[in-house]
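K.L.:
Here is what each chain is made of, one letter per residue.
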Amino acid sequence: MSTREIFDGRLQAALLLVPTVLVSVVFLYYPTARAFRTSFFKAGFGRAEEFVGLENYATLLTNSSYHSSVALSVLFAALVVAGVIVVSLYVTFLIHEVDSGQDWYLISVIWPYALPPAVAALVFLFVLHPTLGVLTGPIEAVGIDLDWFNDGPQAFVVVVLAAIWKQIGYNVIFMIAAMNNVPNALTETAEIDGVGRFRRLVSVYVPIMTPTLFFLVIINTIYAFFGTFAFVDLLTSGGPSNATNILIFDLYREAFSYFNFGVASTKSVVLFLVVAVLMVIQFRLTEEYSYYGA
Amino acid sequence: MTTITLRNLRKEFDDVVAVNGLDLTVRDGEFLVVVGPSGCGKSTTLRLLAGLETATDGEIRMDDRDVTHTEPKDRNVAMVFQNYALYPHMTGRRNITFGMNATDSFADEEIDRRVAEAAETLDITDLLDRKPQAMSGGERQRVALGRAIVRDPDAFLMDEPLSNLDAKLRIQMRAELTRLHAELGTTTVYVTHDQTEAMTLGERVVVMDDGRIQQVDPPQALYDFPTNRFVAEFIGDPAMNMIDVAVEDGVAVHDGFRIPLPSGKTVDGTDGEWLDGTEAEALADPDAGDRPTAVLGIRPEDLYPARDRPDLGETTFDATVEVTEPLGDSLLVHCSVGDATFKMGAEPRSSLEPGGTVSVTYDPARLHLFAPETGEAFYHSATAPAPAGRIDATTND
Amino acid sequence: MTDTIQYAKRRFEAVKRSIVGDRDEESTLLAGREGNAGVHLQLWFLVTLVVFPIFIAVVVSTKQQGIVTSLPDLIPGTYAVENYREAIVDYGFGRFMWNSLLMSVVVVVGKLVISVLAAVAIVYYRVPYKDLVFLFVLFTLLLPVPIRFVPLFQLINDLGWGNSLLAITVPYLASATTVFILRQHFLSIPTSIVETAKLDGVGPVAFTLRVLIPMSRGVLVGVSIIMFVYAWNQYLWPLVIIDSEANQVAQVGLQLLQGDVQGGQLSWSLVMAGSVLTLLPPLALMILFRKPLLETFAIQQK
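Chains as they are written, first to last, in my numbering: chain A, 365 to 658; chain B, 5 to 401; chain C, 263 to 564.
Treat each hint with caution, since some may be false.
Pairs of lysine-lysine, BS3-like flavour, derived with a Cα cap of 30 Å [claimed, not checked]: (1) B:77 x B:347; (2) B:135 x C:392; (3) B:172 x B:77; (4) B:135 x B:172; (5) C:392 x B:77.
Calculated from the structure, these hints are not laboratory results.
Being a predicted model, the structure only gives us computed values, none of them experimental.
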């Protein structure tokens, strides 16, 4: 029954906790509470707030462009998460299997962790620029008319690709750690049994890495919903004709283009529910599958 | 030079009683070993002594100071941990002096002098400028010992300090600890789960189980006169054979053998009073009807193939050899007789084949009887005088 | 023009061949045979994909005209110094970088200090309700900037902090992630070391400064990098709360450059120069300190 709790001073402990708690309350909890409150008001710059009850929520429920924004975000998140996981898993496996230069390969694929989304967006914008882009020629050569400044679905794909690119590094970091943790004896057993490389990945590594993969699915989902604002803002500004107007960008426009703080707050509350649900799912899954990692 | 007294010491964690009413005196300058299986409360006892845990009830005194609620740093004890607990970022010297600096009560020259002295005693002068990661396990434990002795504490508290060392080094460090204790004479409480370590190191050994002291005695007395089945089976390797018998007219009767019980002694409080088999019979379980029952305890090393020890008398019995395990210096023979099985030490290279029959004899001076229900010993056949110190040891005053 | 397309066609054929070649290698893999050349080839292909856009950015940032549409265009130009100077001095990128640096350093140092304090209290003090406090801090993971930037915008303006360094630092100081990682690390320090300190009568200040921090160097470096990258890469919040160019950070500075290039006032080479500049600090830190960074990530996931 050894213990690390070697100090007793309650006042000291309280003082140590005050800065973190204070900042959390003032800049995290209070604004959240305020968002909840404002979601029941009509509010904006220089206007007196006016209580409107559930009207803002009703608006969102009936607003078809908000519905399409929700659908768009879900599709966006699904594509980004799937893309990131598949590509990262593939790269990780190759690095795990390669016989030399592992460190070099690793650093060459995990660096996008440090890549600022704004930089990623601008570089993508340039490389795929419909008239100037270096890849535009080759792509058009296969018969695709690259016109994503005007073509909604194309713009959507471009944003998805940029978002995937930026997130690969972070995923490989976690996946390589998880894959290296797979007991060597299992790899050797699989090899002795004549299990091919690809099947070893799918039938041995992936099940053992399940907790890490769940963790990454959640992290990537949160990223897709909340971390991709810069991509949309710089690449497409939500267009063309709302084809890339995902929830976070929609919220930004509601607040800072239309200055409807009331409706914007309501949209914040909806996003909060999205995070909450994701976190609960992650928590459940971690509980359920934690025995794998042991 | 300190005497430590524990009175009715009790420690509960939530609803688990870790230490259950301990009464014990650690004598001035004594090397006392506390041994027991994991979870027996031995480490908690040590941590109570150190002040790392607070007693739920009872009292701890060091000489005439009541330290039950004293802060660890004010108890003037030094503790040595199983995993050495050296600060990885500090050199050997810094590790040794860090605690002394923390209390601010030593002058620099005094610290230097003491470090030099401790380093010489432990032969660790070379290690003072190295960090723990550049030391072997044995070297780390020496530095940890250096940290303990440099403060010249009233007592050393050691929590399995040798358990992380390999077998060879452990034996070497055991001798080292004995020498160190002889040199310093500081009261030492040493906790271990290893009964060999307990026997070789302790001037007296406390056997604990289930939060209680089972027996406190010098090592040989513990081995010769265990107070109950737990101690009998815990001390000694391989463990003592336990066979259910009936006691009739001073004879332990089993389907497969009859062993007469010579005059021996009890340990049930009528200490020193000699007893013969007939009286032992009266102490065996009287509720068992015509044939009062008891558990007969004989150590494997006190059983012999009859042909090896003709000197031990004529009482022999036949047993079936089940398995033999050559240990090099002896042959451990697993035997069965009737519904009982037991182990027996035999000469190495004895030609005993599994399935064969062996005639078994025993040392009549090394028989023990235990009550079947309580497990208390009520009879030892040893007729030799008790080792010195034994009689007052059980009452522990 | 036709030449460009011809080239692109050939180039695409080459790319296609290499992809198809890779497929063949993969089928070797499927058969379980050793095919390390194949593994290398696939890795090279993927690494090229991942690095290619930044490679283009670097090349373009050295050219006079930011146009790369043919193979000869991939040869670096000679305008590197000129372009970077222009971006940094004439277009205020030096100022943006400095603001970003200031913001990131303040966030890292502030977060580190208050998170260490909180983690020490949570791990080493025997006080009631501290688990609740920890949960309270952990719960803030549910409250990322995007769900509260609207009310936060109002709050910061109410406080009169608009446009200031305070606005882009203080709201970031409480960090569930940092407290969590530090707590996990502290819990991995053997109890006996902590108890030795207690037996020696080492007080909380000496314990934190002399024992805990020296034993946590790697983790402290690791979380510092994580926090730096996080702070440096912030885009949405500075965009919302900072509206004077003098106080703007590099991320949003890029947006300003982009606006200029859309307006035709600026060549792409300057935008790429700005992008490379913005990428450099976090990238350099990450590569330099990748070992403690990776070790810290390993703690985070537990």
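K.L.:
Against this structure, judge whether each hint is valid.
P.N.:
Quick rundown of the hints versus the structure:
1. B:77 x B:347: violated, 50 Å
2. B:135 x C:392: violated, 35 Å
3. B:172 x B:77: The hint is violated at about 34 Å.
4. B:135 x B:172: Holds, at roughly 24 Å.
5. C:392 x B:77: Within the cut-off at roughly 26 Å; holds.
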